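> So you can see what is in the structure, the chains are spelled out below.
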Amino acid sequence: MTDAVTEEARLQSSVDKPPIVNDLSMVVATVNGTGSQTSNMALIRALFRMGIPVSGKNLFPSNIQGLPTWFTIRASGEGFVARRETIEILVAMNEATFQEDLAGLVEGGVCFYPDNWTQPRKRQDLVYYPMPVQELLKQQSPPRDLRDYIANMVYVGVVAEILSIEMDEIRAALETHFNGRAKPVEMNMAMVDAAAQWAADNLTKQDPYMVERSNQTEGLVLIDGNTSSALGAVYGGVNFAAWYPITPASSLADALLEYLPRLRKDPESGKATYAVIQAEDELAAIGMTVGAGWAGARSMTSTSGPGISLMAEFAGLAFFAEIPIVIWDVQRMGPSTGMPTRTSQGDLLFVRFLGHGDSRHVFLLPGSVAECFEFGWRAFDLAERLQTPIFVLSDLDLGMNLWMSERFEFPDVPMDRGKVLSEQDLDELGEYARYRDVDGDGIPYRTLPGNRHPLAAWFARGTGHNDQAIYSERPEDWTENMARLWRKHDTARGYVPAPIVDHMQGAEIGLIGFGSTLSAIEEARARLSQQGVPTDFLRLRAVPFSESVREFVRTHERIYVVEMNTDAQMRQLLQLDLPDQATKLKALNHNDGLPLTARWIMEELLSQEGK
Amino acid sequence: MATATVNLVGLQKSDYKGRPTTLCQGCGHNSISSQIMAACYEMSIPPEEIIKLSGIGCSSKSPAYFLGRSHGFNSLHGRMPSLGTGAIMANRTLKAIGVSGDGDTASIGVGQFIHMMRRNPPLVYIIENNGVYGLTKGQFSATADKGQSLKKQGTNPFMPVDLCLQALAANCGFVARSFAGDPKQVKELIKAAVSYEGTAVLDIISPCVTFNNRDESTKSYSWGKEHETPLHDVTYVPAREEIKVDYEPGETISVKMHDGSTLVLQKLDRDYDPTDRMQATQLLEDARTSQKLITGLLYVNHDQPPLPESENLPDEPLASLPPEKLRPSQDSLANVMAEFA
Chain A
1 MTDAVTEEAR LQSSVDKPPI VNDLSMVVAT VNGTGSQTSN MALIRALFRM
51 GIPVSGKNLF PSNIQGLPTW FTIRASGEGF VARRETIEIL VAMNEATFQE
101 DLAGLVEGGV CFYPDNWTQP RKRQDLVYYP MPVQELLKQQ SPPRDLRDYI
151 ANMVYVGVVA EILSIEMDEI RAALETHFNG RAKPVEMNMA MVDAAAQWAA
201 DNLTKQDPYM VERSNQTEGL VLIDGNTSSA LGAVYGGVNF AAWYPITPAS
251 SLADALLEYL PRLRKDPESG KATYAVIQAE DELAAIGMTV GAGWAGARSM
301 TSTSGPGISL MAEFAGLAFF AEIPIVIWDV QRMGPSTGMP TRTSQGDLLF
351 VRFLGHGDSR HVFLLPGSVA ECFEFGWRAF DLAERLQTPI FVLSDLDLGM
401 NLWMSERFEF PDVPMDRGKV LSEQDLDELG EYARYRDVDG DGIPYRTLPG
451 NRHPLAAWFA RGTGHNDQAI YSERPEDWTE NMARLWRKHD TARGYVPAPI
501 VDHMQGAEIG LIGFGSTLSA IEEARARLSQ QGVPTDFLRL RAVPFSESVR
551 EFVRTHERIY VVEMNTDAQM RQLLQLDLPD QATKLKALNH NDGLPLTARW
601 IMEELLSQEG K
Chain B
1 MATATVNLVG LQKSDYKGRP TTLCQGCGHN SISSQIMAAC YEMSIPPEEI
51 IKLSGIGCSS KSPAYFLGRS HGFNSLHGRM PSLGTGAIMA NRTLKAIGVS
101 GDGDTASIGV GQFIHMMRRN PPLVYIIENN GVYGLTKGQF SATADKGQSL
151 KKQGTNPFMP VDLCLQALAA NCGFVARSFA GDPKQVKELI KAAVSYEGTA
201 VLDIISPCVT FNNRDESTKS YSWGKEHETP LHDVTYVPAR EEIKVDYEPG
251 ETISVKMHDG STLVLQKLDR DYDPTDRMQA TQLLEDARTS QKLITGLLYV
301 NHDQPPLPES ENLPDEPLAS LPPEKLRPSQ DSLANVMAEF A
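Sequence order for the protein chains is A and B. Sequential numbering from 1 applies to the first sequence in this note's numbering. Sequential numbering from 1 applies to the second sequence in this note's numbering.
These aren't lab readings, by the way, just hints derived from the structure by calculation. Check the hints yourself; a few may be wrong.
[Stated by the list, open to error] Computed cross-link-like contacts, SDA-like style, restricted to lysine to any residue with a CA-CA straight-line distance of at most 20 Å:
1) A:K265 x B:N312
2) B:K17 x A:Y471
3) B:K17 x A:K265
4) B:K17 x A:Y432
5) A:K271 x B:D162
6) B:K17 x A:L263
7) B:K95 x A:Y259
8) B:K325 x A:Y259
9) B:K325 x A:R452
10) B:K95 x A:L448
11) A:K265 x B:G147
12) A:K265 x B:P322
13) B:K325 x A:L263
14) B:K325 x A:E258
15) B:K13 x A:H453
[Unchecked claim] Here are the in silico distance ranges between beta carbons for each label pair:
16) A:S472 x B:H258: 36 to 42 Å
17) B:C24 x A:S472: 51 to 57 Å
18) B:M159 x A:S336: 50 to 56 Å
19) A:E166 x B:A334: 25 to 31 Å
These figures come from a predicted structure and were not determined experimentally. Every residue, glycine too, gets a C-beta built ideally from N, C-alpha and C.
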């Protein structure tokens, strides 16, 4: 058989394949710093507005310009938006990784690439669509400084034509991207149209993948977690935020700086109701945060693992002196500098016990962008109610990637400023002791600096103190104070967001998970159930654990704890909390820098189950 | 009936006291604590309007020993600047008095010290400088003189860090040096620093009687008494008082503070313009080479806006804004959400 015959037969067979509708993963392989973000956003937004569930993940190097970057769009009519190992469609825009990128495609996959590349097309099973990028650039002749950006619009047009992405939605997506500014929209759209027209005239569709309008995204939004977290803080009344640049947390502070001036300036005076300070390091960032929290502000900082390392001493102080602050940890891969642009859930144990001596911290675990928003405001209520640092553990995947979500719900409860005594309160009480457990819940009463009552003052310190905050080395003072702190910690169990449990008929297996792995776990459970392996699922939303977590563990024979770290850290925390149940808790953990996939969870679970 | 003497807000001196000191008898820090109390009493500042901040060390313990009716925070080693920055941003109506030492500022905290001055939050930054680590029993600090001897560590081979030079380099708008053995000057400079709207650095040589008070030490009482060379005689005149003209023309320089008070600097044996940064730098170089303890207001300017102004804060404390100013409307959230649809 000649090559030509093989080619023809193959083409024939692909045309005969039934179309695969609204079920694809597409990767755009580019070089970072070449401005492909606009193109990728146009594609994903257009799909989203066609009513097709999507997610977008940027896999990028720790580098500013010149290294390979991959943007993955998953479109799923079934509504699954976790990362998937299999890639069906490649938009190859980086010649350096062309062979590697080709190798990553599924059998019979699709490759779009610039037609002037000379590298061999080694995979014979693929459908190739060469694109005349240079030719179209010549025809359109955009301004020199915009060439790279406009060049990327070629693949938007060609891909849209081949996959049947609606051109009106591409235009609408560009209008959103450019905030309705007509000039850039028209310039980009001109290239999109030209490329689509060229494809219609010159390419024959040979692959089965396509999209069609659906109604599954009505009312939804497409947003990243860090923006959501920042919006949560804005609506939570943040007064003070201090931060130091670090991937993948910087965009949280960026979003604060974008939305606070817009939403939180006093309309009458034009004055800010907040301050955001870029500190000289994370030591200072948390130091300022603690100072502001002590003085009565709703105070926060945002960072990632290496920043948490530097914050350890102040976190211990804030725990012991009982200062309300909020600390966002957008986790990335460690130890050390690790893989700064890759995701992980590896800070659980570190954050839980951050600080020397005995300390236990409360942390929240948002499992969606909507919960990033919700915990963004709720964390302040909890911090002020419990008078302690509240950590919120997001991660790079949740924080920096694009997720679909219901529109965020406006806070349904008024702000809780906690137990704060005014001048009038002190007048009525006639006495005051900062660390006295008046209510038996371990939470004492605080007064704020500036309270004019002569009894109000207390001296915050990291040193041993009695219930009046006076320096003490008496053994009884120490043990009583620590016992109260643990009482307070137990009280926290009732305040933090409760876990969410989902049962399936006939399930023997229990899964426990949290955070950004939620979408992969949901997909895995659906597919496992189809295979006759139903599971119950408890999604943790905070540590310390509430009673319902203990109940869930007790009532299941085998529990798998799904997490993205090497030490099975959440399993360890559960085992510490439930020593009599420890052997029932099995690790289902994976940690390679990439978001967890449903397939990995299924295969690993079935393997451990001996199936 | 005898009535106790009170200040303009009706408080007695005893209302400015703290808990009994646990520092060594004769420690320079105790003398500085006394002058802080005296200054605040004489300025009639209600103690509830003051916050006391410190890091770690002997000096940083001292805020417990003055102004017992002020909120205070004894924080972490070298971290008072960040703590104070956050606190004053949360409530700009408070007067912040920070106390630090030479270990706390010149070693572990030198980074925060410099960055605080760069941002210029209103805060009195007192360094109780004795050239030695006291609480850990007598190690050299970074301000110890080259060639200085200590019982425990022998002779120091390194040049000292001059914290006033550091402050000048960092664009600090209020830089003063004083000596715990000159309580009148300490008190007047504290008053001026409290009136200054920005970060005011006061480097006060404060002898450690236990570990570094030998006659030859530049941080000892006897050396200080012998070598102190005041630039000028310092008198703080509150806004409400008239300046009594009993100086010859050309013999005084008046420095106006934001709150309307005036610092009157009476010339001693040299002409000195405290608004000239280069002259201040030269002066400190000369002091080092001639081994003099030059004290007084080394430098003052009002060029840099204080941090709450740079950040466009309202006059009322951020910490006491009501919920309706902190939570935008439900409609505004709907609008933001629509942008992501």
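> So which of the earlier hints does this model not fit?
Result: hints 3, 5, 6, 7, 9, 11, 17, 18 break, sorted rising.
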